[in-house]
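Visitor: Spelled out from the first residue to the last, the chains are:
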Amino acid sequence: MGVLPWVWWYGLRRHAAYPLGSLAESLTNTAFGFVRAYVLLALWHARPALGGYDAADAVTFCFLTQALIGPVQIFGGMDLTERIRNGDVAIDLHRPVGLQGWWLAEDLGRATGSLLLRAGPPLAAGALLFPFHWPGPAGLAAFAAAVALGALVSFALRYLVALGMFWLHDDRGLNAVTLVMSLFFSGMILPLVVFPRRLGDIALLLPWAAQLQVPADVFLGHRTGAGLLGALAFQAGWAAVLLAAGWLLTRAARRKLVIHGG
Amino acid sequence: MPAIEDGPMIEARDVVKSFTVRGRAGGRRRARTTLRAVDGVSFTVGRGEFVGYLGPNGAGKSTTIKMLTGILTATSGGLRVCGLDPSRRRTALARRIGVVFGQRTTLWWDLPLRDSLTLVRRLYRVDAAAHRARLAELTALLELEPFLHTPVRQLSLGQRMRGDLAAALLHDPELLVLDEPTIGLDVVSKTTVRDFLERINRERGTTILLTTHDLGDIERLCRRVMIIDRGRLAYDGGLDELRRTVDADRTLVVELAAPAPPIALGEITAERVEGARQWLRIPREENAAALVAALAERHEIRDIALREAGIEEVLAGLYRGDHAYWCSGRPVAP
Chain A
1 MGVLPWVWWY
11 GLRRHAAYPL
21 GSLAESLTNT
31 AFGFVRAYVL
41 LALWHARPAL
51 GGYDAADAVT
61 FCFLTQALIG
71 PVQIFGGMDL
81 TERIRNGDVA
91 IDLHRPVGLQ
101 GWWLAEDLGR
111 ATGSLLLRAG
121 PPLAAGALLF
131 PFHWPGPAGL
141 AAFAAAVALG
151 ALVSFALRYL
161 VALGMFWLHD
171 DRGLNAVTLV
181 MSLFFSGMIL
191 PLVVFPRRLG
201 DIALLLPWAA
211 QLQVPADVFL
221 GHRTGAGLLG
231 ALAFQAGWAA
241 VLLAAGWLLT
251 RAARRKLVIH
261 GG
Chain B
1 MPAIEDGPMI
11 EARDVVKSFT
21 VRGRAGGRRR
31 ARTTLRAVDG
41 VSFTVGRGEF
51 VGYLGPNGAG
61 KSTTIKMLTG
71 ILTATSGGLR
81 VCGLDPSRRR
91 TALARRIGVV
101 FGQRTTLWWD
111 LPLRDSLTLV
121 RRLYRVDAAA
131 HRARLAELTA
141 LLELEPFLHT
151 PVRQLSLGQR
161 MRGDLAAALL
171 HDPELLVLDE
181 PTIGLDVVSK
191 TTVRDFLERI
201 NRERGTTILL
211 TTHDLGDIER
221 LCRRVMIIDR
231 GRLAYDGGLD
241 ELRRTVDADR
251 TLVVELAAPA
261 PPIALGEITA
271 ERVEGARQWL
281 RIPREENAAA
291 LVAALAERHE
301 IRDIALREAG
311 IEEVLAGLYR
321 GDHAYWCSGR
331 PVAP
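These protein sequence lines map, in sequence, to chains A and B. In terms of the working numbering, the first sequence has 36 at position 36, counting the first letter as 1, and numbering is strictly consecutive. In terms of the working numbering, the second sequence has 319 at position 319, counting the first letter as 1, and numbering is strictly consecutive.
FYI, nobody ran anything at the bench for these hints, they're computed from the structure. Don't be surprised by glycine CBs; every beta carbon is placed ideally from N, CA and C. Incorrect hints may have been included.
Unchecked claim - Covered stretches of chain B, as calculated for chain A (at least 3 residues, CB under 8 Å):
no.	region
1	65–79
2	232–241
Stated by the list, open to error - What follows is a set of in silico ranges between Cβ atoms, one per label pair, in the way DEER data are often shown:
no.	chain 1	residue 1	chain 2	residue 2	range
3	B	Glu313	A	Arg255	22 to 28 Å
4	B	Val253	A	Glu82	47 to 53 Å
5	B	Thr91	A	Phe75	32 to 38 Å
6	B	Ser42	A	Glu82	33 to 39 Å
7	B	Gly7	A	Gly120	31 to 37 Å
8	B	Phe19	A	Ala144	32 to 38 Å
9	A	Ala236	B	Arg89	20 to 26 Å
10	A	Leu248	B	Asp6	50 to 56 Å
11	A	Ala236	B	Thr91	15 to 21 Å
12	B	Leu157	A	Ala141	44 to 50 Å
13	B	Gly7	A	Glu82	37 to 43 Å
14	A	Ala31	B	Asp195	38 to 44 Å
15	A	Glu82	B	Arg22	45 to 51 Å
16	A	Ala236	B	Phe19	37 to 43 Å
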């Protein structure tokens, strides 16, 4: 067995090392879930069946996406950015393992840890206090696959942004732009199904949809049969394209590398 | 391959690394400047050597190390480490060398030290029994046992550095490259690290290339030093030879029987006077014995001492670009 499964395991343990911090974050996400849920309930009260969802779908969507904030790191960022800025990336580049593979394994470990430690409270709150749609066992299995692919797409997007640090000296501008895109086009602010037709169609084709909207639709049972396979293929396609871009950008970065800080 | 095993550990031939820096050239125009961080450096390090690689900040030491490890690619010139081209065979080379960047860590911050060391086994595919034996040996030598199960974030700097050294050596590399390994360490930790490095070089024959600003490291450990300045190799030779041959002034400390006005002997005058004690700088070409005799004739002397320039003063002179320090040493021809 190679080193990457171990890196995944260490990533999981590393991000599970602070359980109180995880609990605090999870409770915050739950509290914001209530705010979002009441806004969505008001909207669906005025426009029932908006975008093909009923009120229970909307509330489920809300708490589900709150639960996935950590696993898909919807607010962006990864430790690699800071390591490129301060030159610690020299350590990463010295290892006899590819940079992208190492960070992918670590990030998937982080995502798993986050799912285990932080997803429970928002889902429990939603299920206990609001009308909530649970999928059957097959739906849950499909949802697990969709979340894994969503985490892959999330990593690939954030990895590309992090590598930008090899060319830029400050990542704040790039982060601000990608944060807005991520929140708006993933479904975090509003489900993409309620977007006006043309904008909604475009949003559903963008990679950010693979992070939250697609897993949520799978959870809600809106993607079944061929539709489900199409949804998973959509996520896998974006993951492949973005990871390939990450691979190319890693090669380019290695070629014109300047290690900051001596 | 025996040919490679018998060859030098490091062979650098006319290595250049230049960076392009963009800046404003007045108004909206942007100018591109090419900086040569390493400018035609050539040297060879044989197996089992312990070499100090010195130079002021920004001289090109870390850039050289990053080229040696394959992290950076040389702009031109030939470079071979363990018989391999570092940038083309980076992965294969990484399995044969160990690197410690003193200001950075390979250890997992939030996990116990033991876990980071276990991951090294997976990373370098070390056989389980060999890993166990090596870990036990390094644990004893570096005195890791008391904090092996402590998260790295709770370790002191000295403990962390010992952990990093263990991580760099667990796969039994032929070459150990150290970039300022004793930076920020207290006296006891420095001694532990130095004893350890001396021992693995002597007993295991591990070749060591050491970059440091700590002259104690150099004096204690390095039989050979290479000095790089503004990207060029300025000196390559023995430490004693450097000390002997650089044209550094000496200082004569004279304690007179009673306080007196500053001494003046021809062109030599006291630089500092404290009560009955006076300090005179003696140029290398002056005969100290004759000077002492002349002094004894004119003054009643209670005590006298001649101080050679320390390695610190020699290097400070070199780093300042004071080429009067050079005479018949072995500065490398440009």
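Visitor: Each hint: holds or not?
Guide: Results of checking the hints against the structure:
Note: the region 65–79 of chain B has 6 residues with beta-carbon separation from chain A under 8 Å; the three-residue rule is met and the coverage holds. Counting residues of the region 232–241 of chain B whose C-beta lies closer than 8 Å to any C-beta of chain A gives 0; at least three are required, and the coverage claim is violated. In this structure, Glu313(B) and Arg255(A) break the distance hint of 22 to 28 Å, their C-beta atoms being roughly 43 Å apart. Separation of Val253(B) from Glu82(A) is about 52 Å and conforms to the stated range, judged on CB atoms against 47 to 53 Å.
Hint check: Thr91(B) to Phe75(A), Cβ distance near 34 Å, so the stated range 32 to 38 Å holds. Our hint of 33 to 39 Å for Ser42(B) and Glu82(A) holds, since their Cβ atoms are close to 37 Å apart. Between Gly7(B) and Gly120(A) the C-beta distance comes to about 60 Å, which lies outside the given range of 31 to 37 Å. At about 47 Å, the CB distance of Phe19(B) to Ala144(A) disagrees with the hint of 32 to 38 Å.
For the pair Ala236(A) and Arg89(B), the beta carbons lie near 34 Å from each other, so the given range of 20 to 26 Å is not met. Roughly 40 Å separates the CB atoms of Leu248(A) and Asp6(B), a value that falls outside the hinted 50 to 56 Å. For Ala236(A) and Thr91(B), the hinted distance range of 15 to 21 Å is not satisfied, since their beta carbons lie about 28 Å from each other. For the pair Leu157(B) and Ala141(A), the beta carbons lie near 49 Å from each other, so the given range of 44 to 50 Å is met.
A hinted range of 37 to 43 Å for the beta carbons of Gly7(B) and Glu82(A) is consistent with their spacing of about 40 Å. In this structure the hint that Ala31(A) and Asp195(B) lie 38 to 44 Å apart at CB is violated, the actual value being about 56 Å. Taking the beta carbon of each, Glu82(A) and Arg22(B) are about 23 Å apart, not inside 45 to 51 Å as hinted. The hinted range of 37 to 43 Å is satisfied by Ala236(A) and Phe19(B), whose Cβ atoms lie roughly 40 Å apart.
In the structure shown, a violation is registered for the earlier hints numbered 2, 3, 7, 8, 9, 10, 11, 14, 15, in ascending order.
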